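On the provided structure of chain A, position chains B and C as indicated by the hints.
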Amino acid sequence: MELFRVIDIAGTVAFSIAGAFAAMEKKLDVFGIFIIAFVTALGGGTLRDVLVGEEPVKWMRDLSPSIVVLISTVAAMLFTNTIKNFHKILLLFDSIGLGFFTVLGIQVGINHELHPAICVALGTMTACFGGVIRDVSLNSIPLIFQREIYATACVFGGVIFYVLKMTEVPKFALEATCIAAIVALRLLAVRFNWRLPSV
Amino acid sequence: MELFRVIDIAGTVAFSIAGAFAAMEKKLDVFGIFIIAFVTALGGGTLRDVLVGEEPVKWMRDLSPSIVVLISTVAAMLFTNTIKNFHKILLLFDSIGLGFFTVLGIQVGINHELHPAICVALGTMTACFGGVIRDVSLNSIPLIFQREIYATACVFGGVIFYVLKMTEVPKFALEATCIAAIVALRLLAVRFNWRLPSV
Amino acid sequence: MELFRVIDIAGTVAFSIAGAFAAMEKKLDVFGIFIIAFVTALGGGTLRDVLVGEEPVKWMRDLSPSIVVLISTVAAMLFTNTIKNFHKILLLFDSIGLGFFTVLGIQVGINHELHPAICVALGTMTACFGGVIRDVSLNSIPLIFQREIYATACVFGGVIFYVLKMTEVPKFALEATCIAAIVALRLLAVRFNWRLPSV
Chain A
1 MELFRVIDIA GTVAFSIAGA FAAMEKKLDV FGIFIIAFVT ALGGGTLRDV
51 LVGEEPVKWM RDLSPSIVVL ISTVAAMLFT NTIKNFHKIL LLFDSIGLGF
101 FTVLGIQVGI NHELHPAICV ALGTMTACFG GVIRDVSLNS IPLIFQREIY
151 ATACVFGGVI FYVLKMTEVP KFALEATCIA AIVALRLLAV RFNWRLPSV
Chain B
1001 MELFRVIDIA GTVAFSIAGA FAAMEKKLDV FGIFIIAFVT ALGGGTLRDV
1051 LVGEEPVKWM RDLSPSIVVL ISTVAAMLFT NTIKNFHKIL LLFDSIGLGF
1101 FTVLGIQVGI NHELHPAICV ALGTMTACFG GVIRDVSLNS IPLIFQREIY
1151 ATACVFGGVI FYVLKMTEVP KFALEATCIA AIVALRLLAV RFNWRLPSV
Chain C
2001 MELFRVIDIA GTVAFSIAGA FAAMEKKLDV FGIFIIAFVT ALGGGTLRDV
2051 LVGEEPVKWM RDLSPSIVVL ISTVAAMLFT NTIKNFHKIL LLFDSIGLGF
2101 FTVLGIQVGI NHELHPAICV ALGTMTACFG GVIRDVSLNS IPLIFQREIY
2151 ATACVFGGVI FYVLKMTEVP KFALEATCIA AIVALRLLAV RFNWRLPSV
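Chains as they are written, first to last, in this note's numbering: chain A, 1 to 199; chain B, 1001 to 1199; chain C, 2001 to 2199.
Chain A extracted, bound-state conformation (with noise of 0.2 Å):
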């Protein structure tokens, strides 16, 4: 479908941007920050295939993400400051990157007829994991082990998709609204500072 092209090329980009602009406050060169970037946008997926055993990985298969990766890091360089002003806009890419991320996940374990519960699993950390390989890469505890909504986020969408699959909802509604949930409950996290308890 043309509009969830649309959709994974601006999660794509919102999480190359995160990741390199971690990097770069990290100081690490050029090349690190692309690989960096990569991680972010691409490691979750890949851990994904690796876990189900669909290989070569689908970065090997298509080269077309990889060039979103690569085009968006430059521009991160370049740009650094302009797009820091549009951080809310990159939320919401990156929101909806979150949710593309988590569905694309849950129909790969679907396709490997995984049960429900593995399924949402292996979407969480499709849409997850690249930003843990970040964070573990440049020597921090992974962000969203720290009282962020973010891989909650996925799980509850990804519980939606699944009580929704029990209606008649054709597949694409299920799929938009299971996105729609996990930006909403993302976005309202970050408007009112929503924290998951440690103990």
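No lab work stands behind these hints, which were simulated from the structure alone. All of these numbers come straight from a predicted model, not from anything done at the bench. Beta carbons: idealized from backbone N, C-alpha and C, even for Gly.
Think about it this way: if two alpha-carbon atoms lie no more than 27 Å apart in a straight line, the pair counts; the simulated DSS-like pairs of lysine-lysine are:
#1 K1058(B) to K2058(C)
#2 K26(A) to K88(A)
#3 K2027(C) to K2084(C)
#4 K58(A) to K2058(C)
#5 K2026(C) to K1026(B)
#6 K1027(B) to K1088(B)
#7 K2026(C) to K2088(C)
#8 K2171(C) to K2058(C)
#9 K1026(B) to K27(A)
#10 K1058(B) to K1171(B)
#11 K1026(B) to K1084(B)
#12 K26(A) to K1027(B)
#13 K27(A) to K88(A)
#14 K1058(B) to K165(A)
#15 K1027(B) to K2026(C)
#16 K2027(C) to K1026(B)
#17 K1026(B) to K1088(B)
#18 K2026(C) to K26(A)
#19 K26(A) to K84(A)
#20 K1058(B) to K58(A)
#21 K27(A) to K2026(C)
#22 K84(A) to K27(A)
#23 K1165(B) to K2058(C)
#24 K26(A) to K2027(C)
#25 K58(A) to K2165(C)
#26 K2084(C) to K2026(C)
#27 K1026(B) to K26(A)
#28 K2088(C) to K2027(C)
Here are the computed distance ranges between Cβ atoms for each label pair:
#29 K84(A) to N1085(B): 42 to 52 Å
#30 R1191(B) to I2067(C): 32 to 42 Å
#31 H1115(B) to K84(A): 50 to 60 Å
#32 I2067(C) to L1078(B): 45 to 55 Å
#33 A1075(B) to N85(A): 46 to 56 Å
#34 L164(A) to V2169(C): 54 to 64 Å
Okay, now just chains B and C, sitting in the frame of chain A:
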């Protein structure tokens, strides 16, 4: 075998609780605590499955280990102090898990007709690399690289396994002896504070 | 080819020793030192095999690289100072390894009929990601992300590879030139302290 099923669960419980406690010390949120517990308990087996090509990896094909991790993590968060009072039982379970997961990894290697030395490495990885991933994610240098007799116990047990395999010992006795050797060496090492040399 | 076999071993020796030295600096125990040496030498190839789906991964099918790592690590621990006196030879071996592993990775990509850009990425990963895993495990930000001309040399060699491939150059000359280009750029970068810019 029913006994091995019980041992498997005891080991998964001990590994999950160790992971959850490490995550709680680093003040992660409840989601992060669960992920670290999961990675500690199932990360070694996941790496094993990925390296030999058994995909989708085991925890995607069978929901029960994930459920054991979930329950153990909730217990670790709710009854932290009570559980810490039973640290000797935890150590025993942990050692039994170490032995059992080593045997499990060796068996996977044998099924793939790998060289005995590789099978022992695979068993050791199954038992130990969950802890490595946990420590790296929590931004520490892995504990098992720092003079603990831990992975060494797995290697020792693996050697015993192959020495006995050359005799007429039946499979069950073989595996039980291997597990017992690992448990014994691990407990002795903790008791007498045995350590590996550094250089 | 016999020559390539020698180069393979020289590279594995140099990578293992680099890994062992890094681990010794962090005061790991003998087991940890071996694991870090192993990961440095064979981690890049392992990641490559996992991403393209060649499983069980190479070091599980052939014991000889593990033996080379083991001997190199023992030598690094026993003759630390002597070896450090030969740091120029080590640098040469390391550069040759860098070139050779890049070509190896490109060939694996070609066997899987991947796009040239992906093959170059695969070659670079084969040569460089062992060092990344080493640094992340030792709790440092990977060296190659910090202005070193290292991965860049692999990318440069990969481009040379594909430029020559469009001509009638025979396969052996193609591979030898690619390795030589990487060695030359790496040595020049070290000699003249060339660095990548950060942002």
